[in-house]
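A.B. asks: The lines below spell out each chain.
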Amino acid sequence: KQEVTQIPAALSVPEGENLVLNCSFTDSAIYNLQWFRQDPGKGLTSLLLIQSSQREQTSGRLNASLDKSSGRSTLYIAASQPGDSATYLCAVNAGNNRKLIWGLGTSLAVNP
Amino acid sequence: SQTIHQWPATLVQPVGSPLSLECTVEGTSNPNLYWYRQAAGRGLQLLFYSVGIGQISSEVPQNLSASRPQDRQFILSSKKLLLSDSGFYLCAWSGQYNSPLHFGNGTRLTVT
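Taken in order, these protein sequences are the chains called Z and S.
As numbered in the working numbering, the first sequence has no gaps in its residue numbers, which increase by one up to the final residue, 113.
As numbered in the working numbering, the second sequence has no gaps in its residue numbers, which increase by one up to the final residue, 113.
These are computed hints drawn from the structure, not numbers from a lab.
Computed from a predicted model, the values in this text were never measured in an experiment.
Honestly, I wouldn't trust all of these hints.
No more than 20 Å apart at the CA atoms, straight line, and that leaves these computed lysine to any residue pairs for SDA-like [stated by the list, open to error]:
#	chain 1	residue 1	chain 2	residue 2
1	S	K81	S	T113
2	Z	K100	S	A10
3	Z	K100	S	G44
4	Z	K69	Z	S81
5	Z	K100	S	S51
6	Z	K43	Z	S108
7	Z	K43	S	K81
8	Z	K43	Z	G96
9	Z	K2	S	V61
10	Z	K100	S	Q56
11	S	K80	S	E23
12	Z	K100	S	G96
13	Z	K100	Z	Q3
14	Z	K69	Z	D85
15	Z	K100	Z	T27
16	Z	K43	S	P19
17	Z	K43	S	H6
18	Z	K2	S	G96
19	Z	K43	Z	V111
20	S	K80	S	W8
21	Z	K2	S	Q46
22	Z	K43	S	S87
23	Z	K69	Z	N23
24	S	K80	S	V16
25	Z	K43	S	P9
26	Z	K100	S	Q97
27	Z	K100	S	G53
28	S	K81	S	P19
29	Z	K2	Z	A95
30	Z	K43	S	R109
Starting from the given sequences, assemble the full structure and let the hints guide the process.
C.D. replies: So this is what it looks like as structure tokens:
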């Protein structure tokens, strides 16, 4: 059974730091992995989707990597800003979008 | 560009009352549509999934039902709410072939 874990559950950093958020999964047979951002009381915003054949995807200051063999994905945020403060969730696609397995998220606080 | 609208943003309903939450998508045709519930500390739970008009898959047996009367309209309903139905409900859409999910802003439902 696929399980997705995000550690740490919460993270607080000063503005300007480069940081890495982790997502681990137990079954390497995945179609893709998606990273989302959620602001308090709001819906989720899609950040990056990495196909199983890809190693990484980049969007602006965000870079997501995927290592299926080790069951890990990382979301790298460069030069963090207070506006990056949010909860970041990863979801593993185990067959189709009906079978997304979700992590519980990492709550990020970037302090000015 | 595609947009998703979900309303209302907040709702307080007494136990035993009916429920109707509505979601509409603009700027795309034949989307896959989803209803999720998010509970604190428990992650996202897929409730219903639809690949087309009148086609609804229920992922979790419960007090709720869903309907898709039009291509880009998805409705979550209940005839009689329970206290346990309280939560944050999110509508989402995606294209075909495991493309990214896009979420609405959610509805905070409190059953009293």
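A.B. asks: Each hint: holds or not?
C.D. replies: Evaluation of the provided hints:
{"no.": "1", "hint": "K81(S) <-> T113(S)", "in the structure": "holds, 12 Å"}
{"no.": "2", "hint": "K100(Z) <-> A10(S)", "in the structure": "violated, 27 Å"}
{"no.": "3", "hint": "K100(Z) <-> G44(S)", "in the structure": "holds, 14 Å"}
{"no.": "4", "hint": "K69(Z) <-> S81(Z)", "in the structure": "violated, 27 Å"}
{"no.": "5", "hint": "K100(Z) <-> S51(S)", "in the structure": "holds, 13 Å"}
{"no.": "6", "hint": "K43(Z) <-> S108(Z)", "in the structure": "holds, 14 Å"}
{"no.": "7", "hint": "K43(Z) <-> K81(S)", "in the structure": "violated, 26 Å"}
{"no.": "8", "hint": "K43(Z) <-> G96(Z)", "in the structure": "violated, 27 Å"}
{"no.": "9", "hint": "K2(Z) <-> V61(S)", "in the structure": "holds, 17 Å"}
{"no.": "10", "hint": "K100(Z) <-> Q56(S)", "in the structure": "holds, 17 Å"}
{"no.": "11", "hint": "K80(S) <-> E23(S)", "in the structure": "holds, 15 Å"}
{"no.": "12", "hint": "K100(Z) <-> G96(S)", "in the structure": "holds, 15 Å"}
{"no.": "13", "hint": "K100(Z) <-> Q3(Z)", "in the structure": "holds, 10 Å"}
{"no.": "14", "hint": "K69(Z) <-> D85(Z)", "in the structure": "violated, 27 Å"}
{"no.": "15", "hint": "K100(Z) <-> T27(Z)", "in the structure": "holds, 15 Å"}
{"no.": "16", "hint": "K43(Z) <-> P19(S)", "in the structure": "violated, 24 Å"}
{"no.": "17", "hint": "K43(Z) <-> H6(S)", "in the structure": "holds, 12 Å"}
{"no.": "18", "hint": "K2(Z) <-> G96(S)", "in the structure": "violated, 26 Å"}
{"no.": "19", "hint": "K43(Z) <-> V111(Z)", "in the structure": "holds, 18 Å"}
{"no.": "20", "hint": "K80(S) <-> W8(S)", "in the structure": "holds, 18 Å"}
{"no.": "21", "hint": "K2(Z) <-> Q46(S)", "in the structure": "holds, 16 Å"}
{"no.": "22", "hint": "K43(Z) <-> S87(S)", "in the structure": "holds, 16 Å"}
{"no.": "23", "hint": "K69(Z) <-> N23(Z)", "in the structure": "holds, 13 Å"}
{"no.": "24", "hint": "K80(S) <-> V16(S)", "in the structure": "holds, 11 Å"}
{"no.": "25", "hint": "K43(Z) <-> P9(S)", "in the structure": "holds, 13 Å"}
{"no.": "26", "hint": "K100(Z) <-> Q97(S)", "in the structure": "holds, 14 Å"}
{"no.": "27", "hint": "K100(Z) <-> G53(S)", "in the structure": "holds, 18 Å"}
{"no.": "28", "hint": "K81(S) <-> P19(S)", "in the structure": "holds, 5 Å"}
{"no.": "29", "hint": "K2(Z) <-> A95(Z)", "in the structure": "holds, 10 Å"}
{"no.": "30", "hint": "K43(Z) <-> R109(S)", "in the structure": "holds, 10 Å"}
In summary, the numbered hints that this structure violates are 2, 4, 7, 8, 14, 16, 18.
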